[in-house]
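Modelling step: build the complete structure from the supplied sequences, incorporating the hints.
2 protein chains.
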Amino acid sequence: MARVYNFNAGPAALPLPVLEKAQAEMLDIAGSGMSVMELSHRSKDFQAIIDAAEAGVRKLLGVSDDYAVLFMQGGASLQFASIPMNLRRPGKSADFVDTGSWASKAIKEAKVTGGVNVVWSGKEESYMRTPKPEELNFSADAEYVHICSNETIGGIRFPEFPKTNVPLIADMSSEIMSRAIDVNQFGMIYAGAQKNIGPSGLALVIIRKDLIERTPENVPIFLRYKTHADEGSLYNTPNTWGIYIVKLITDWMESIGGIAGMQKINEGKAGKLYSVLDSSNFWKAPADKASRSIMNVVWRLPSEELEAKFVSEAKNAGMIGLKGHRSVGGIRASIYNAVPVEAIDALIAFMKDFESKNG
Amino acid sequence: MARVYNFNAGPAALPLPVLEKAQAEMLDIAGSGMSVMELSHRSKDFQAIIDAAEAGVRKLLGVSDDYAVLFMQGGASLQFASIPMNLRRPGKSADFVDTGSWASKAIKEAKVTGGVNVVWSGKEESYMRTPKPEELNFSADAEYVHICSNETIGGIRFPEFPKTNVPLIADMSSEIMSRAIDVNQFGMIYAGAQKNIGPSGLALVIIRKDLIERTPENVPIFLRYKTHADEGSLYNTPNTWGIYIVKLITDWMESIGGIAGMQKINEGKAGKLYSVLDSSNFWKAPADKASRSIMNVVWRLPSEELEAKFVSEAKNAGMIGLKGHRSVGGIRASIYNAVPVEAIDALIAFMKDFESKNG
Chain A
12 MARVYNFNAG PAALPLPVLE KAQAEMLDIA GSGMSVMELS HRSKDFQAII
62 DAAEAGVRKL LGVSDDYAVL FMQGGASLQF ASIPMNLRRP GKSADFVDTG
112 SWASKAIKEA KVTGGVNVVW SGKEESYMRT PKPEELNFSA DAEYVHICSN
162 ETIGGIRFPE FPKTNVPLIA DMSSEIMSRA IDVNQFGMIY AGAQKNIGPS
212 GLALVIIRKD LIERTPENVP IFLRYKTHAD EGSLYNTPNT WGIYIVKLIT
262 DWMESIGGIA GMQKINEGKA GKLYSVLDSS NFWKAPADKA SRSIMNVVWR
312 LPSEELEAKF VSEAKNAGMI GLKGHRSVGG IRASIYNAVP VEAIDALIAF
362 MKDFESKNG
Chain B
12 MARVYNFNAG PAALPLPVLE KAQAEMLDIA GSGMSVMELS HRSKDFQAII
62 DAAEAGVRKL LGVSDDYAVL FMQGGASLQF ASIPMNLRRP GKSADFVDTG
112 SWASKAIKEA KVTGGVNVVW SGKEESYMRT PKPEELNFSA DAEYVHICSN
162 ETIGGIRFPE FPKTNVPLIA DMSSEIMSRA IDVNQFGMIY AGAQKNIGPS
212 GLALVIIRKD LIERTPENVP IFLRYKTHAD EGSLYNTPNT WGIYIVKLIT
262 DWMESIGGIA GMQKINEGKA GKLYSVLDSS NFWKAPADKA SRSIMNVVWR
312 LPSEELEAKF VSEAKNAGMI GLKGHRSVGG IRASIYNAVP VEAIDALIAF
362 MKDFESKNG
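Listed in order, the protein sequences are those of chains A and B.
With our numbering applied, the first sequence covers 12 to 370.
With our numbering applied, the second sequence covers 12 to 370.
Hints are not guaranteed to be accurate.
It does not matter which identical chain is used: a pair holds within one copy or between any two.
Claimed, not checked - Dumping the calculated SDA-like pairs for lysine to any residue here, alpha-carbon to alpha-carbon at most 20 Å:
#1 K300 x R140
#2 K363 x L288
#3 K283 x P297
#4 K32 x R14
#5 K32 x I164
#6 K326 x G44
#7 K119 x K237
#8 K334 x G44
#9 K326 x S43
#10 K220 x N176
#11 K275 x D262
#12 K220 x S291
#13 K283 x P101
#14 K55 x E324
#15 K32 x G44
#16 K368 x L317
#17 K122 x V230
#18 K55 x G335
#19 K70 x E265
#20 K119 x D241
#21 K237 x R219
#22 K55 x A319
#23 K32 x A13
#24 K368 x D62
#25 K122 x R140
#26 K134 x N148
#27 K122 x P227
#28 K103 x V230
#29 K32 x S266
No lab work stands behind these hints, which were simulated from the structure alone.
Below, the structure written as structure tokens:
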């Protein structure tokens, strides 16, 4: 068995110690004589797991009791629909910042059910940067402001988050728990788990408790945040396996120094890679430097032929997931929390060798 | 490591060979060097898994090309909301048969967004039976008829399904793939996976393709069946782990003779258990005999004290999940596909011993 270096954009690499623990416990979790998948979600054994997962998230991100922490299904894509249904009351509108593919998808979904103001768009600049604070003029009567804090496809992020008078809502799917944030700056944070904190099929929602009460009466019961908050994410059967993996990942993150430790490692990994990209004209990283993501590093080679060769030879060398998104081409290395430093070192060694042979 | 006999109502027992295979492949699926959780949902490796899962479902249940097979998130509970949003057009109503807790939950959710006709309810009879065909007078203009084909809490099922002029929609969460059915009798079948075909966090939807076109325009993109059907359940990142387990389970079911083999085993397991319950006045199985579920067997003992003692001593003997649902009390053994015959034999031996000591 040879494990590869996994640069997938998501679902993505998981920490090896987490996989090994899940493997060891597969037939018997905590002496129960059952797989975690076979536990009743109403059992004490599972309650201990979901409580630990929530406590792990709260501790790592510093989430106060003013916020509910929910484990939901449907990924970020269901949140694109749920947020306007719950938080944008009839006849009102919400502000959106369009920084790329994921922000656009949220906008498209929100338009189906009501008013949307796109207050800034990077589309004409090919989504190479996030906006500066002075470029953002929010609507006075917006119900909320929505951003995607890190765009996986363009490889850009908000270095700092906009100041808003209304609740700020952020899709953090591709960077949740990768750097320190002040949760209190947000009305709501959400993330599909499959990039940084778990497997696919699970979404983490952190929502200020007063917002939970905003939902109009005609919203289906299942789609109301209050339904899940009132029942501790157990209104219906949750993704128990996914929550278990989140619990293992929060344990793993604590063991390596929490968010502060993780951020330091992540900045080191991204810094090394951007240094190589900046060191030669062979590589071109199109994202604006101030907006560079530390999770998704995107670059081009002198030709599409060389890019295809790079991806193919990297794969043969045990490095997978390096092909850029089909909408922008090029190369993309997604270097989430679970991608180890040695994967970056291997990639850089491969890049230097590739450049020497093809440059 | 001692595995227990697991009579949980859901999440429930999984086949041991499935767990062992998932364990063996945890760090490396199909020579990819990755866990299945680490595969891109756009990769060939994952496409092979979801294709195999769909093919397995289609073969086992005999699903024709007139139907889409979808792997969705949110369990049956999200379907309770999605079905009326998609299939009950504005100003119209749908017929519901109220056979218990789960049918009622579907009714409650459907009422939030539009017209509901409850054409029959077993509530006043404490949900001890499903209706006879002649008791069902459907509305001429209903958009569809909704049933829950097997109620886990009351332990009752439809021995045969109602004949309807409009699409029949069945929540089969607690009996999917446990007995032969004619899919062509239904407009749609859906099931949370966590009882008979996989882990929680996944819902199987089998929907007639013409119905997919019915959705009103104001339904959010994510909540439209067409969105997921058009993209082969890959509109967004699905629950890849759950789909993988479904694939392993359909393989396992094929290996033991498909639905016909499974049904024979299930009828044998349930028959043995009901025989014991019918053999003595110590036990009382309240469900009407014609409506008896072969998945969830519910019974009472002479007193609540004896019931508590039964559950407690069974647990000490390695049999868990036997406490009846809090809304009805008593004992419940959920004996889904993955509960082996030896678990039933162990339970029966325990019951005979318990009766001899306490009868």
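Against the structure, the hints:
1. Taking identical chains as interchangeable, the C-alpha atoms of K300 and R140 lie at most 20 Å apart only when both belong to the same chain, with a minimum of 8 Å there against 68 Å between chains.
2. Taking the closest pair of Cα atoms, K363 and L288 come within 20 Å of each other only inside a single copy of the chain (10 Å); across copies the shortest separation is 74 Å, beyond that limit.
3. When the C-alpha separation of K283 and P297 is checked against a cutoff of 20 Å, the pair qualifies only within one copy, where the shortest distance is 17 Å, while the shortest distance between copies is 69 Å.
4. Proximity of K32 to R14 under the C-alpha cut-off of 20 Å is found in both arrangements, the shortest distances being 16 Å within a copy and 18 Å between copies.
5. For a Cα distance limit of 20 Å, the shortest separation of K32 from I164 qualifies neither inside one copy, at 32 Å, nor across copies, at 35 Å.
6. Taking identical chains as interchangeable, the C-alpha atoms of K326 and G44 lie at most 20 Å apart only when they sit on different chains, with a minimum of 11 Å there against 40 Å within one chain.
7. In this assembly of identical chains, the alpha carbons of K119 and K237 lie at most 20 Å apart only when taken from different copies (16 Å versus 25 Å within one copy).
8. Taking the shortest Cα distances, K334 and G44 sit within 20 Å of each other only across copies (18 Å), while inside one copy they are farther apart (43 Å).
9. In the homo-oligomer, the alpha carbons of K326 and S43 lie at most 20 Å apart only across protomers (11 Å), although the nearest pairing inside one protomer, at 41 Å, exceeds that limit.
10. For the identical chains of this complex, K220 and N176 are intra-copy neighbours only, at 17 Å inside a copy versus 46 Å across copies, given an alpha-carbon limit of 20 Å.
11. With identical chains, the CA atoms of K275 and D262 are at most 20 Å apart within one copy only, with a shortest distance of 18 Å there and 45 Å across copies.
12. With identical chains, the CA atoms of K220 and S291 are never at most 20 Å apart, being 50 Å at best within one copy and 54 Å at best between copies.
13. With identical chains, the CA atoms of K283 and P101 are never at most 20 Å apart, being 49 Å at best within one copy and 57 Å at best between copies.
14. Taking the closest pair of Cα atoms, K55 and E324 come within 20 Å of each other only across two copies (18 Å); inside a single copy the shortest separation is 50 Å, beyond that limit.
15. Both within a single protomer and between protomers do K32 and G44 lie at most 20 Å apart by alpha-carbon distance, with minima of 16 Å and 17 Å respectively.
16. Only within a single protomer do K368 and L317 lie at most 20 Å apart by alpha-carbon distance; the minimum there is 11 Å, versus 79 Å between protomers.
17. Proximity of K122 to V230 under the C-alpha cut-off of 20 Å is found in both arrangements, the shortest distances being 17 Å within a copy and 11 Å between copies.
18. Proximity of K55 to G335 under the C-alpha cut-off of 20 Å is restricted to the inter-copy arrangement: shortest distance 16 Å between copies versus 44 Å within a copy.
19. In this assembly of identical chains, K70 and E265 lie within 20 Å of each other by CA distance solely inside one copy; the values are 9 Å within and 46 Å between copies.
20. In this assembly of identical chains, K119 and D241 lie within 20 Å of each other by CA distance solely across copies; the values are 18 Å between and 30 Å within a copy.
21. In this assembly of identical chains, K237 and R219 lie within 20 Å of each other by CA distance solely inside one copy; the values are 11 Å within and 33 Å between copies.
22. Within a single copy, K55 and A319 get their C-alpha atoms only as close as 52 Å, which misses the 20 Å cut-off; across copies the closest is 17 Å, which meets it.
23. Taking the closest pair of Cα atoms, K32 and A13 come within 20 Å of each other both inside a single copy (18 Å) and across two copies (18 Å).
24. For the identical chains of this complex, K368 and D62 are neighbours neither inside a copy (53 Å) nor across copies (40 Å), given an alpha-carbon limit of 20 Å.
25. Neither within a single protomer nor between protomers do K122 and R140 lie at most 20 Å apart by alpha-carbon distance, with minima of 24 Å and 46 Å respectively.
26. Taking the closest pair of Cα atoms, K134 and N148 come within 20 Å of each other only inside a single copy of the chain (17 Å); across copies the shortest separation is 57 Å, beyond that limit.
27. Taking CA atoms no more than 20 Å apart as the test, K122 paired with P227 passes in both settings, with 17 Å inside one copy and 15 Å between copies.
28. Taking CA atoms no more than 20 Å apart as the test, K103 paired with V230 passes in both settings, with 16 Å inside one copy and 18 Å between copies.
29. Only within a single protomer do K32 and S266 lie at most 20 Å apart by alpha-carbon distance; the minimum there is 14 Å, versus 29 Å between protomers.
Of the numbered hints given earlier, the model fails hints 5, 12, 13, 24, 25; all others are met.
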